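*Asks:* Hey, can you work out the whole structure from these sequences and the hints?
120 is the number of the first residue of the sequence shown in the working numbering; add one for each residue after it.
Quick caveat, the hints were computed from the structure, so don't treat them as lab data.
Please note that the accuracy of each hint is not assured.
Derived BS3-like pairs: lysine-lysine, alpha-carbon spacing no greater than 30 Å straight-line [what the hints assert, rightly or not]:
#1 Lys140 x Lys154
#2 Lys140 x Lys168
#3 Lys140 x Lys163
It should be emphasised that the depicted structure is a prediction, and the values quoted were computed from it without experimental measurement.
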Amino acid sequence: MIKDTLLDNYAGVEEVSSRLKIHPESVRRLIRQGKLPAIKFGNKWLVEKAALDQFASRYDPRPGNKATLF
120 MIKDTLLDNY AGVEEVSSRL KIHPESVRRL IRQGKLPAIK FGNKWLVEKA ALDQFASRYD
180 PRPGNKATLF
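*Replies:* Written out as structure tokens, the structure reads:
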């Protein structure tokens with residue numbers, strides 16, 4: 120039960136890709152490049168929802184447009 124509550128604050132790659140309207144591999148690329156902060160939980164990447172909200176407010180998925188959290 121505690122585990123479920125803790126994970127409510129995080130979004131998986133699929134949820135992030137849906138929110139940003141990009142392919143899941145593009146989400147993983149943003150994570151690897153350090154543009155989207157995430158933690159590895161087992162074999163899954165998790166993005167804190169507050170960080171996702173902040174990133175999504177500035178993200179433009181069109182080619183050539185760069186967005187970073189920091």
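*Asks:* Hint by hint, note whether the structure agrees.
*Replies:* Status of the hints after comparison with the structure:
no.	hint	verdict
1	Lys140 x Lys154	holds (16 Å)
2	Lys140 x Lys168	holds (16 Å)
3	Lys140 x Lys163	holds (19 Å)
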